[in-house]
Amino acid sequence: MIDVDLKPAPVLQSNYVSQRLANFVKSTLRYLVLIAIGIIMFTPFILAMIGTFKTDLEITAFPPKFLPEVWHWENWTRVWNTDIGQGGTFPRWLFNTAFLSVTISVSQVIFCSMAAYAFARLRFAGKNGILNFMLTTMMIPGAVTLIPAYVLMTKLHLINTYWSLILPNLVAAGTIFTLTQFFKSIPKDLEEAAFIDGATHMQIFRTVVLPLARPALLTVLILQFQSIWNAFLQPLLYLNSPDHYVLNVALSIFQQQYKAQWNLTLVGAMFNAIPVILLFFIFSRYYIEGVAYTGIKG
Amino acid sequence: MPKQAKNPARIETVVAAFVFIGIVAVILLIALLNAPTMGGPRVMATLQTYLTEVRETAIPYMVVVGIVAIIVAFFAARELRKVWTNRRRRTELITGYAFLAPYLIVTLTFMIGVILFAFYISFNDYDIFTRPKWIGLSNYAEAFQGFTDSTKRDFLQSLYNVLWYTIIVVPIQTTLAILMAVLLNAPIHMKQFFRAVFYTPSVTSSVVITLIFVWFYLKAGYVNYFLQTSLGWVGISFEPVNWLGDPRGLIQLIVEAFGGTIPSTQWYFRGPSIAWMAIMFQNIYTTIPTFMLMFLAALQDINPALYEAASIDGASSFQMFRKITLPMLRPIILLVVVLGTIGTFQVFDQVYLATKGGPLKTSLTPVFLVFQEALGINGPINMGYASALAFILAVIIFAITFFQRRFLERGTELY
Chain A
0 MIDVDLKPAP
10 VLQSNYVSQR
20 LANFVKSTLR
30 YLVLIAIGII
40 MFTPFILAMI
50 GTFKTDLEIT
60 AFPPKFLPEV
70 WHWENWTRVW
80 NTDIGQGGTF
90 PRWLFNTAFL
100 SVTISVSQVI
110 FCSMAAYAFA
120 RLRFAGKNGI
130 LNFMLTTMMI
140 PGAVTLIPAY
150 VLMTKLHLIN
160 TYWSLILPNL
170 VAAGTIFTLT
180 QFFKSIPKDL
190 EEAAFIDGAT
200 HMQIFRTVVL
210 PLARPALLTV
220 LILQFQSIWN
230 AFLQPLLYLN
240 SPDHYVLNVA
250 LSIFQQQYKA
260 QWNLTLVGAM
270 FNAIPVILLF
280 FIFSRYYIEG
290 VAYTGIKG
Chain B
0 MPKQAKNPAR
10 IETVVAAFVF
20 IGIVAVILLI
30 ALLNAPTMGG
40 PRVMATLQTY
50 LTEVRETAIP
60 YMVVVGIVAI
70 IVAFFAAREL
80 RKVWTNRRRR
90 TELITGYAFL
100 APYLIVTLTF
110 MIGVILFAFY
120 ISFNDYDIFT
130 RPKWIGLSNY
140 AEAFQGFTDS
150 TKRDFLQSLY
160 NVLWYTIIVV
170 PIQTTLAILM
180 AVLLNAPIHM
190 KQFFRAVFYT
200 PSVTSSVVIT
210 LIFVWFYLKA
220 GYVNYFLQTS
230 LGWVGISFEP
240 VNWLGDPRGL
250 IQLIVEAFGG
260 TIPSTQWYFR
270 GPSIAWMAIM
280 FQNIYTTIPT
290 FMLMFLAALQ
300 DINPALYEAA
310 SIDGASSFQM
320 FRKITLPMLR
330 PIILLVVVLG
340 TIGTFQVFDQ
350 VYLATKGGPL
360 KTSLTPVFLV
370 FQEALGINGP
380 INMGYASALA
390 FILAVIIFAI
400 TFFQRRFLER
410 GTELY
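Here the protein sequences come in this chain order: A and B. Counting from 0, one number per residue, gives the positions in the first sequence under numbering that gives the first Met the number 0. Counting from 0, one number per residue, gives the positions in the second sequence under numbering that gives the first Met the number 0.
Derived from the structure by calculation, the hints contain no laboratory data. It is possible that some hints are incorrect.
As the list claims (entries may be wrong) - For lysine to aspartate or glutamate, the following DMTMM-like pairs were computed, each having C-alpha atoms within a straight-line distance of at most 20 angstroms:
no., chain 1, residue 1, chain 2, residue 2
1, A, 126, B, 78
2, B, 218, A, 55
3, A, 64, B, 238
4, A, 258, A, 57
5, B, 322, B, 312
6, A, 187, A, 57
Claimed, not checked - Quick list of the computed label-pair ranges, beta carbon to beta carbon:
no., chain 1, residue 1, chain 2, residue 2, range
7, A, 186, B, 189, 29 to 37 angstroms
8, B, 379, A, 102, 33 to 41 angstroms
9, B, 259, A, 16, 54 to 62 angstroms
10, A, 69, B, 227, 21 to 29 angstroms
Stated by the list, open to error - Pulled from the structure, derived: some chain A residues nowhere near chain B, Cβ distances all over 10 angstroms:
no., residue
11, 19
12, 67
13, 72
14, 81
15, 87
16, 88
17, 94
18, 98
19, 102
20, 159
21, 188
22, 193
23, 206
Glycine included, every Cβ here is placed at the ideal spot set by N, Cα and C.
I would like the entire structure built from these sequences, with the hints used as guidance.
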């Protein structure tokens, strides 16, 4: 958008040619920079991916070789068959992570969209107070609640149960805020027609608002799925028995478990990264809208 | 007919009374969960033992919360009674709070209740298993002991580290994110593809990226290899560095290059260590893409007519960038700087995985310290001290973001 094409003014021929040349050089340069950044951004993943097929020795050899001599696919099966005892197996960790990510993101979509509907559409005493309260809580750094929430979880006997991660994450102020902004942008006509026809708010919410808000709900769902999949500190504190590890926590154990066997640690890392990267490439439109939306309106 | 007129009045009073009791009960229950008592298996064994414990230690706390609960419930009940006769307002009030109930209950339990607990605990000596012992401001004083006793400087050092971290990371990541967004916003082919590729590091978990980078930073890793070969081409020999294990500070290196030394008692002159800067680099790599997307969205909102007008006036691309793009991005820059600061002040994952605070505590961060103290990783469990540190950190973050806001928002008025 920066270089707007001006209509070729009546200039000298040589001037016009040099202008064309300059534009060509400029756009070539731009693509070179873009490709260079693309390579920088993606190289770590490619190197790590190739690394998963190397032997223990190759992976820490200096100078490193780009490709392994023999592709060791068995590294992947070895990691898949990891068993550190007390129910700590790799498929179990994968299940824990997937289960928690799905449960939490779905419940957030349900509860946050309800709250957002109340903020965006209903008029009642105390609404603005609660909205301001919510915006204030968004400013509180997570470090403050970390310790006492851990104490609360121990009191409730919830440590090492899925509930310890699900309960505090049932709702999220940021999600509510994003959805509120979105609901406000939906035209009200349909709802008012439904209301005059005698529909209750619950009916309007379920049959009118939610279908209209599907793209926003999907965006929130995906972003929350990703953020729970990638969460580390909370599961590290709350889920610390081997059968309840999530992948991220298990990975941090891997580092100690497999000491210098970086090939195996990297397999674990790739197991963790591939699902979200795939998800991202499939739904990248929603991701980008979501990040942009929360960014601007947040 | 007086009978009919009387009946609804009674109903609304009964409903209001039930609502009143309900709200008080819920708030008291939440307070009960977060009552400042000792934890531990003995106390938590049954509900009975816990209630006994609450009765002995947390009665004043429960009374205070109870009074607040009664006030809140009173206003709620009064409001309900007032709007009862108006069908529309009544349904909106009831539905509104019904829809907000999950949010309110979860937030009150896991955020507000928990913060009140932490605030109380921060004035106590508390290890979960015994009763909290009131020690006043000792925890807060202990945090700043490092000023007088350099063996207890952990917290000060962590603040010092994290301050360097913010000073270096936030400007770099913001600048690079803007530049990348501008680059992507130009008319190019395969925009979606480039955008997706650029964004990938932000999608994956910080644990994955940190592990990959720890591997890169090994002495026999790709970073050393890359530097050795590329510097070799220009004829400079390069000794492989143990990136994550090198405690030498930036300023220390410069001073030593000129033949001076900085003794370890003057650690605060040494600057960020090599290990710490390696982590910064990795962090910048992960956070740029998210901020890039925010800038990209903002760029697309800028009216193209502005650029057209400027280019007719003969402005160069650089002038347009300085005089149009940057001023128009100001609000997002503010947002990104504030978010970046909040994030960098709370680094944890990278430290936990890559360095555990070392070498020589040069990568210790406040959140890592809070984690250590709360779980008793280096010595006894110290919940009170950990909470005090968390509150000090929160106050610092609030103060810094407040000043950033003042500073950057004042700038906006110029345009």
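Any hints this thing doesn't respect? Which numbers, in order?
-> 6
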